[in-house]
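A.B. asks: If you read the sequences in order, they're chains Y and V.
The opening position of the first sequence corresponds to residue 1 in full-length UniProt numbering, with each subsequent residue numbered one higher.
The opening position of the second sequence corresponds to residue 1 in full-length UniProt numbering, with each subsequent residue numbered one higher.
None of the hints are false.
One copy or any two copies: either way a pair holds, since identical chains are not told apart in the list.
Think about it this way: if two alpha-carbon atoms lie no more than 27 Å apart in a straight line, the pair counts; the simulated DSSO-like pairs of lysine-lysine are:
(1) Lys283 to Lys296
(2) Lys214 to Lys199
(3) Lys14 to Lys214
(4) Lys360 to Lys21
(5) Lys33 to Lys357
(6) Lys184 to Lys63
(7) Lys18 to Lys360
(8) Lys296 to Lys239
(9) Lys357 to Lys296
Keep in mind that the hints were calculated from the coordinates and are not lab data.
For reference, the chains in residue letters:
Protein chains: 2
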Amino acid sequence: MDLDINTIVTEQAKAAKKASKKLALLSSAEKNKALYAMAHALETKTPIILKANMLDMEDGRQKGLSAAMLDRLLLTTERIAQMADGLRQIASLDDPIGNGIMSHRRPNGLDIRCIRVPLGLIGIIYEARPNVTADAIGLCLKSGNAVILRGGSEAIKSNTILASILAEAAHSAGIPEGAVQFVKITDHSAVDVMMRLNKYIDVIIPRGGAGLIKRVVENSIVPVIETGVGICHIYVDDKANMDMATKIIINAKTTRPAVCNAVETVLIHQGIANEFLPLLCEKLKSYKVEIRGCEKCCQICPDLKLATDEDWATEYGDLILSVKIVTDMDEAIDHINNFGSGHSEAIITDCYTNALKFQKNVDAAAVYVNASTRFTDGNEFGFGAEIGISTQKLHARGPMGLEALTTMKYLIYGEGQVR
Amino acid sequence: MDLDINTIVTEQAKAAKKASKKLALLSSAEKNKALYAMAHALETKTPIILKANMLDMEDGRQKGLSAAMLDRLLLTTERIAQMADGLRQIASLDDPIGNGIMSHRRPNGLDIRCIRVPLGLIGIIYEARPNVTADAIGLCLKSGNAVILRGGSEAIKSNTILASILAEAAHSAGIPEGAVQFVKITDHSAVDVMMRLNKYIDVIIPRGGAGLIKRVVENSIVPVIETGVGICHIYVDDKANMDMATKIIINAKTTRPAVCNAVETVLIHQGIANEFLPLLCEKLKSYKVEIRGCEKCCQICPDLKLATDEDWATEYGDLILSVKIVTDMDEAIDHINNFGSGHSEAIITDCYTNALKFQKNVDAAAVYVNASTRFTDGNEFGFGAEIGISTQKLHARGPMGLEALTTMKYLIYGEGQVR
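Given only the sequences and the hints, what does the whole structure look like? Please build it.
C.D. replies: Structural data, given as structure tokens:
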């Protein structure tokens, strides 16, 4: 059995890698044509996608998945139309392939030029959200990469039909056969096989919960881009505009508490805590946010729940916020660099010096002054769709658009030069 | 014992990570001052370095190291002066830290700016060449990174004294204490500990033979940049200038056969093989190069040794060259993409169409037309010193200068924007 899984997954990766060589040379026009065909196929084949999804939903209910999980799993005609629109949006993005990174002439007359080329074959390991299937395939193809996907067991029927419709439409529109591979094996050993295939797979991007990401980071010999875990902070300086601070905190906590750019901890300078904390708590309560405060917070607002050490290291993904009073900005910076996940951090201040110091000293992908952490997102940053938000430092950091799916190649033009 | 090694290495990494926070904020002038001080320290302390190196050389002779290994290990006054000059050259390079990568204003008025920042803490695992100690420390400090080095047992006494002199000089000149860490434990478990410290170490760069690199790639949960393995090819097209081809092949094979950008296999179009191969073989023999040819080659030049399948996958690192006759360029490209290590590949041709096709279809860091593969090198590419040559696609590809030791950070300037 294990041998079979190994053979099946390896053959899929091999076929995709082979296809990637031709795919890398397609023009933007050819790739865009395929993306439009794929969008169209999703729309015309909506009924059979919905049918497969109903089976997943039924299984999910029997397995006792939570309402939130079931909602993530659910497909509707509207959600499928959104997937199709997403593919068309990807078609409209600038193609980074072939763009120059640098170009210069050396003293010996050699012309050296460096351009963007596709990575080759990208592995995506994800959980129960079927929309990832269309997004990931679209972004990989647009950037000239083949893709091998392995989705979670909860959405296996939906993902299988989606991937098969998309692969077929892509191939019919001129994408090399085999460029889109979906691993149907839900056994975990399929993931183990993928993580060893560094001969064929150039990078693995895990999308999902912290457990999945940790397992891939710790076990993959294929290079990995870590995504998604967000323990984001907002530091309210003693020079802050308190109205602005409240507005930004409410936005960052309540608009979509489940996403990674939502705020989890607010740090308040002690100089304004007596005045600001009660105001903030009142506002948060009207949004039904549970507050867990440090000891000093509980002294000011005795009805708060006391935060434990664990709270500072927790991504709630829910309407819960931890709040801590700090003696100065240095303590806030230390706290953030210690407990943050390197995602998005913000300072609210009217002091130029503090803003500059915060941005220099906080070690994260995105460091904000006077704005909500919720903006860390490919669309909001102006990159169009994103394949994820990198919280590591190598290769890509922050929202990953099409450029993050490329590597580079040096082209050297000689006239017989030797060294 | 294992627990001790774990504690010692972890504490070193922790101290270096702590220092990296301050180091990241130093100006170029401050970092350059330290590099000059380090260069000066190497020169004034040459006698004690030579003394330590003599002990390593003695151990090496007793262990029966090869003459080539002993030569790599050997330090002389002149070689130490070269190390010092290397540090001064690094001081003269442009500092990438703080350089802008992009900057734009979003429709909601948010200004988003992306700049280069240091990676943080870089781990270097290397073998018996003591000059790597000075190079790596210099490049890491110049790019604002702390560094933890672990050298091979053969050079342990030389490397320990070098690292200690450099760390002390750096600290005296204003580099934060702890920024340069040298792991003195030669037991392999010290490497195992480093490879698990992804909480502190941001990237590991292995420098050495294929065995070391494979072990690190397969076992490290810290992200790795693969370097150095070079199975480079030169394809001689039927439209090639044969004199130029000969000159380039001789250069690429014989000037420094042990380095990774030396050529290992020559592919010859069958259309010119009858004429070109005998010419090439004669020339190569005058340089004492052993030739291993495919069957067709042996038919043309019956005194050639027959190549085995293993030859096509071997980095000789020596005056040995494998030669294969191909029926067309497609076969050459397939051979290269199959056996190449993604390092440097060249075509010799006067045909525009073939040059373009070769550069598009060959998947390697550097693809040359009519020039020697020996140019793949940080200095030759105009980047100054290099920390290695990446043969992977993620983060960095080809010669890695200072920019390869940086990551990026988004700075967002708001006026109260919410989403």
